[in-house]
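Enquirer: Start from the sequences and build out the full structure, keeping to the hints where you can.
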Amino acid sequence: MKRQKLFREINADLKKVEKELDKFLNVDNPMFSQTCLYLLQAGGKRLRPSFTLLVGKFFDYRFEKLLPVTMALELIHMATLIHDDVVDASLTRRGRPTLTAGWGNTVSMATGDYLLAKALELIVKIDNPAVSSILADVCIEMCQGEIQQIKSSYDTTQTLKQYLYRIQRKTALLIGLCCKLGAKVSNASPRQIWLMSKYGNYLGLAFQIVDDILDITANPKELGKPVGGDIRQGIITLPMIFALKDSPQKERLKELLGQKTKTDAEVAEAIQLIIQAGGIDKSRKIVEQYIDKAKANLQELPDVPAKDALIELANYMGERSY
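Residue numbering for the sequence shown follows our numbering, starting at 10 and increasing by one per position.
Just so you know, the hints here were simulated from the structure itself, not pulled from any lab data.
For every residue, glycine included, the Cβ atom is placed at its ideal position computed from N, Cα and C.
Here are the in silico distance ranges between beta carbons for each label pair:
| hint | residue 1 | residue 2 | range |
| --- | --- | --- | --- |
| 1 | GLN13 | GLU297 | 25 to 31 Å |
| 2 | GLN157 | LYS269 | 14 to 20 Å |
| 3 | ASN35 | LEU100 | 22 to 28 Å |
Expert: Here it is as structure tokens:
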């Protein structure tokens, strides 16, 4: 009952975050107002603000202090999605045309830069000097992860260690940061801040691996984009790494994943070889391990409704189908 009440409170606060983002991005420049609001109205899971708010509920929860943090983090996330879509030449996301498809690369990149600048505008309002430094460090690491992905495209010799380095920076660090700042701004102790950061980091790794699994196995209508996008773009993910090691037809799979142009039939063949080699099943086991590690970091925290909610959220991360 208490957990249900907590979720109602968080949902109510998330609606306030959404309303404030809408107001914040409804700017005088017609082009930026149009593109930013288009992105915002595309929706999304809003996981990052949810993590920040839920973590805050463990400690000294003050929505007005958490609001600029949640908004800044979501704007940074939105900017990274734009840049990803430009780099990957993606035409759809969440079942809608991307900015790249509708406005082209130049406007898309300018919008991504603008969102980052708007995030900085919010960060200066946060009454905690350490926050801006932490955010800057994470943004630098995220850029390094993106560069690593570009450099390693079509490289079928990638190792598990190299893959984890990349997804740690591209995805996990930002989710870990959401949890860290939710605790820090809510006056948690250094130990509690560290535990929350580790919880979010492990969940971020699990989240990205699930994303990589869904890119191969999901229903395209649920996913909001065609499956096999990573295969087409030469992004070597965990299911592929496992399959390249274990497949009886590893040379054929290596050939398919390494070539820069692929037909739909070749993408479908690669998907089949990955599944048959157990790449999906082995990846799911890694997801389970990271989710268990995330939940283990909550054990020494108080038994409050927010704890149950974060455990439930961790379980959802492993079970989601889109």
